[in-house]
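Chains as they are written, first to last, in my numbering: chain A, 2 to 217; chain B, 2 to 217.
Hints were generated in silico from the structure; no laboratory data involved.
Please note: incorrect hints may appear among the correct ones.
What the hints assert, rightly or not - Chain B side only, calculated, beta carbon under 7 Å to chain A, not exhaustive:
1) 18
2) 138
3) 141
4) 144
5) 159
6) 192
7) 209
Being a predicted model, the structure only gives us computed values, none of them experimental.
Cβ coordinates follow ideal geometry from the N, Cα and C atoms, glycine included.
There are 2 protein chains.
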Amino acid sequence: MQIAIVLYDHVTALDAVGPYEVLSRLPCADVTFVAEQRGAVRCDSGRLALLADAELAEVMEPDVVVVPGWSGSPQDRWLEAGTLQDWLLTVDRHTTWTASVGTGSIVLAAAGLLIGRRAVTHWLATDRLAAHGVATANQRVVVDGKYVTAAGVSAGLDMALRLAAEIGGDSMAMSIQLAIEYEPQPPFDAGSAATAPAAIVTAMTAVRDFILDGAG
Amino acid sequence: MQIAIVLYDHVTALDAVGPYEVLSRLPCADVTFVAEQRGAVRCDSGRLALLADAELAEVMEPDVVVVPGWSGSPQDRWLEAGTLQDWLLTVDRHTTWTASVGTGSIVLAAAGLLIGRRAVTHWLATDRLAAHGVATANQRVVVDGKYVTAAGVSAGLDMALRLAAEIGGDSMAMSIQLAIEYEPQPPFDAGSAATAPAAIVTAMTAVRDFILDGAG
Numbered sequence: 002m003q004i005a006i007v008l009y010d011h012v013t014a015l016d017a018v019g020p021y022e023v024l025s026r027l028p029c030a031d032v033t034f035v036a037e038q039r040g041a042v043r044c045d046s047g048r049l050a051l052l053a054d055a056e057l058a059e060v061m062e063p064d065v066v067v068v069p070g071w072s073g074s075p076q077d078r079w080l081e082a083g084t085l086q087d088w089l090l091t092v093d094r095h096t097t098w099t100a101s102v103g104t105g106s107i108v109l110a111a112a113g114l115l116i117g118r119r120a121v122t123h124w125l126a127t128d129r130l131a132a133h134g135v136a137t138a139n140q141r142v143v144v145d146g147k148y149v150t151a152a153g154v155s156a157g158l159d160m161a162l163r164l165a166a167e168i169g170g171d172s173m174a175m176s177i178q179l180a181i182e183y184e185p186q187p188p189f190d191a192g193s194a195a196t197a198p199a200a201i202v203t204a205m206t207a208v209r210d211f212i213l214d215g216a217g
Numbered sequence: 002m003q004i005a006i007v008l009y010d011h012v013t014a015l016d017a018v019g020p021y022e023v024l025s026r027l028p029c030a031d032v033t034f035v036a037e038q039r040g041a042v043r044c045d046s047g048r049l050a051l052l053a054d055a056e057l058a059e060v061m062e063p064d065v066v067v068v069p070g071w072s073g074s075p076q077d078r079w080l081e082a083g084t085l086q087d088w089l090l091t092v093d094r095h096t097t098w099t100a101s102v103g104t105g106s107i108v109l110a111a112a113g114l115l116i117g118r119r120a121v122t123h124w125l126a127t128d129r130l131a132a133h134g135v136a137t138a139n140q141r142v143v144v145d146g147k148y149v150t151a152a153g154v155s156a157g158l159d160m161a162l163r164l165a166a167e168i169g170g171d172s173m174a175m176s177i178q179l180a181i182e183y184e185p186q187p188p189f190d191a192g193s194a195a196t197a198p199a200a201i202v203t204a205m206t207a208v209r210d211f212i213l214d215g216a217g
């Protein structure tokens with residue numbers, strides 16, 4: 002089973018690496034990081050680069066596609082007509098699952114793949130996803146047909162475990178969960194706008210345009 | 002504040018990228034991925050490479066060091082006397098925090114940095130950590146003085162949020178938790194040996210030597 006994880010400039014590393022760490026442990030999985038060009042792709046912080054081992058054009062029949070999100074780019078080239086959008090439209094005809102993490106759902110939506118569907122994105126970008134004709138949901142993971150979307154960044158882990166269960170069965174997914182010791186104990190109850198202190202939610206919403214560059 | 006995240010061949014990607022995704026969001030943070038040589042470092046699955054932006058020798062006074070774990074290597078070179086072990090001993094004299102994720106604590110222990118201290122590692126490698134004179138703990142995150150160790154793989158997220166709170170205060174850590182939407186909802190209660198089905202724990206323990214190459 003071929004799994005393509007898409008990389009592009011300003012990608013959020015954990016959006017990509019969370020699902021990778023889960024899905025690459027499926028015995029049937031053949032995970033490939035793909036991008037417009039092979040080689041290093043710089044993440045949003047500027048302090049990390051991930052390597053794309055294949056060009057998009059080399060992986061034309063993946064069974065699973067995962068599109069991570071991005072932040073802080075002055076130009077959202079990946080939302081415009083072009084190589085990535087063309088590739089997504091083509092490979093989506095073949096996929097068993099088309100998935101995203103965080104603002105990655107906006108990339109799928111820009112390709113028209115989520116019109117009329119339920120999906121989720123990073124909580125700061127919900128309006129932006131809705132603008133593409135998507136029924137936005139306030140859930141951590143949303144499954145609508147073969148489209149599986151996750152909320153921001155760390156939600157890719159929960160999404161990928163759901164996908165691992167769909168692909169390999171519950172026991173396989175539980176084995177992977179144990180292998181990565183995913184028994185979360187966040188030190189604070191602040192992981193969503195509903196639970197974080199109001200002052201923090203307000204402050205982060207106020208700088209949303211800066212964080213997501215025009216999101217909302 | 003300079004934060005060095007160490008990379009070496011066969012590293013587990015999420016061990017490194019989880020803490021990166023949290024710590025790089027600290028406004029005071031200057032995160033650098035370091036390795037013996039600059040350039041691509043292939044992870045344990047073989048399906049992903051992360052880029053080291055600096056050689057160890059270029060970052061000699063980090064305030065925080067994070068050592069991720071590894072799996073499945075035929076040669077655990079990083080446990081032997083050599084460049085990485087020498088570097089760890091030298092920079093540890095300067096650090097405010099020396100941290101690890103998963104089997105990364107065994108790298109610290111091999112350098113003698115955890116003798117007589119409490120620490121944790123990946124659940125399958127506890128005996129191996131204990132063999133270095135470490136008091137192993139059955140906790141997700143252990144803080145003993147300036148040494149902060151996390152259990153396997155995904156535990157690096159919880160560890161890094163603890164560290165973010167120590168460095169930047171609780172509000173800052175909560176802001177980061179909200180930014181990465183860390184409100185985990187694992188689909189199964191199988192993230193530790195205490196909660197996973199016994200058959201899965203038994204099976205994984207049986208192949209432990211294969212997974213960790215002689216661990217235990």
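A quick look at each hint next to the structure:
no.	hint	result
1	18	4 Å, holds
2	138	14 Å, violated
3	141	5 Å, holds
4	144	11 Å, violated
5	159	5 Å, holds
6	192	3 Å, holds
7	209	11 Å, violated
Hint compliance for this structure: hints 2, 4, 7 are broken, all remaining hints hold.
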